[in-house]
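A.B. asks: Input sequences plus hints: build the corresponding full structure.
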Amino acid sequence: MLKTCYSPRYYAKTHTNSMEKLAAVAEVLQVENIAALIDPGMIDIDILKQLHAPEYVDAFVNGIKPLASFQGFRNWNEQLRDAILSINAGQLVAAEIAWQEGISANIAQGFHHAVYEYGGAYCTFNGLALVAQQFPDKKIFVLDCDQHGGNGTAEFTRRLPNLFNFSIFGHRFGCPSYERSVTHLIDQRTGNFRQYVDAVEAGFQTALDWQADLIIYQAGMDCHQADRFGSQWFTTELLYERDKLVFGLSNRYHLPMMFVLAGGYQRLYHLVPLHVATFRAANAVYFK
Numbered sequence: 583m584l585k586t587c588y589s590p591r592y593y594a595k596t597h598t599n600s601m602e603k604l605a606a607v608a609e610v611l612q613v614e615n616i617a618a619l620i621d622p623g624m625i626d627i628d629i630l631k632q633l634h635a636p637e638y639v640d641a642f643v644n645g646i647k648p649l650a651s652f653q654g655f656r657n658w659n660e661q662l663r664d665a666i667l668s669i670n671a672g673q674l675v676a677a678e679i680a681w682q683e684g685i686s687a688n689i690a691q692g693f694h695h696a697v698y699e700y701g702g703a704y705c706t707f708n709g710l711a712l713v714a715q716q717f718p719d720k721k722i723f724v725l726d727c728d729q730h731g732g733n734g735t736a737e738f739t740r741r742l743p744n745l746f747n748f749s750i751f752g753h754r755f756g757c758p759s760y761e762r763s764v765t766h767l768i769d770q771r772t773g774n775f776r777q778y779v780d781a782v783e784a785g786f787q788t789a790l791d792w793q794a795d796l797i798i799y800q801a802g803m804d805c806h807q808a809d810r811f812g813s814q815w816f817t818t819e820l821l822y823e824r825d826k827l828v829f830g831l832s833n834r835y836h837l838p839m840m841f842v843l844a845g846g847y848q849r850l851y852h853l854v855p856l857h858v859a860t861f862r863a864a865n866a867v868y869f870k
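Count along the sequence shown from 1, then add 582; that gives the number in my numbering.
Treat the hints with care, since some could be wrong.
To be verified - Below, simulated EDC-like cross-link-like pairs (lysine to aspartate or glutamate); rule was C-alpha separation at most 20 angstroms, straight line:
| hint | residue 1 | residue 2 |
| --- | --- | --- |
| 1 | 595 | 609 |
| 2 | 826 | 783 |
| 3 | 647 | 621 |
| 4 | 647 | 637 |
| 5 | 647 | 660 |
Source of the hints: derived by calculation from the structure; they are not laboratory data.
C.D. replies: If you want it as structure tokens, here you go:
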């Protein structure tokens, strides 16, 4: 069964439902017996101070505004703090599971827009870059399929030589191209799934050429045609095909993979089934 990091501490009440959806997805996975949930504990604050500016980490942990709410969550509270600390712990535990099992997940979101100095766009700490920092002898390749470009992760590639960002998106969101930050913009109106498939396949070829040790897949659902940020051609069925393609390539090339939920901005009763489908796709490929 797919081993997946999650704890009830991941839940926090927000004005965006960004954290609430994590608990909702976990509930479905438990009810339908789709994944084995593992509590990752909470991350050591000193680890985050190695990744981000220490004054920013201190401000968030202690609820000192404006930095504590700089990522966009209006009301800082201890529940939100503990959720973020637990979610980032899940990144490290899930990475280790992926190396042991070949595939893992963290029921998490809120990473790729966070830069060294502060968070942004509902991303508090960059849990993608965190994996590269904590495993410096491993090459960490981020396949970012959120609808928004992973600008924060791109910036961290300039600080962490073992981090590669490959971002496929409909909104650039300021995501730059660097030596280890590759960007693919696919138009929301005139793009199509063939272009997306080509970009994913190019990502895997890049990962193979770079000799990646782990792929972290940002399985964003804000690409969906009904999402306010989505691409009009990206249907529910095609998102499932995207996920199966990613897992199939990872399995074929024996590249260890962990995945996270990433973005999605529909009402929960529409959004949760989309995220759960990613777990179904992983099971269809790895646990036939």
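A.B. asks: For the pair supplied as a hint, residue 647 and residue 637, confirm whether the alpha-carbon distance does not exceed 20 angstroms.
C.D. replies: Holds, at roughly 12 angstroms.
A.B. asks: Check the hint pairing residue 647 with residue 621 against an upper bound of 20 angstroms on the C-alpha distance.
C.D. replies: violated (30 angstroms)
A.B. asks: Would you check the hint for residue 595 and residue 609, treating anything up to 20 angstroms between C-alpha atoms as holding?
C.D. replies: holds (16 angstroms)
A.B. asks: Given the hint that residue 826 pairs with residue 783, test it: the Cα-Cα distance must not exceed 20 angstroms.
C.D. replies: holds (12 angstroms)
A.B. asks: Is the straight-line distance between the alpha-carbon of residue 647 and that of residue 660 20 angstroms or less?
C.D. replies: holds (14 angstroms)
The structure shown violates just one earlier hint, number 3.
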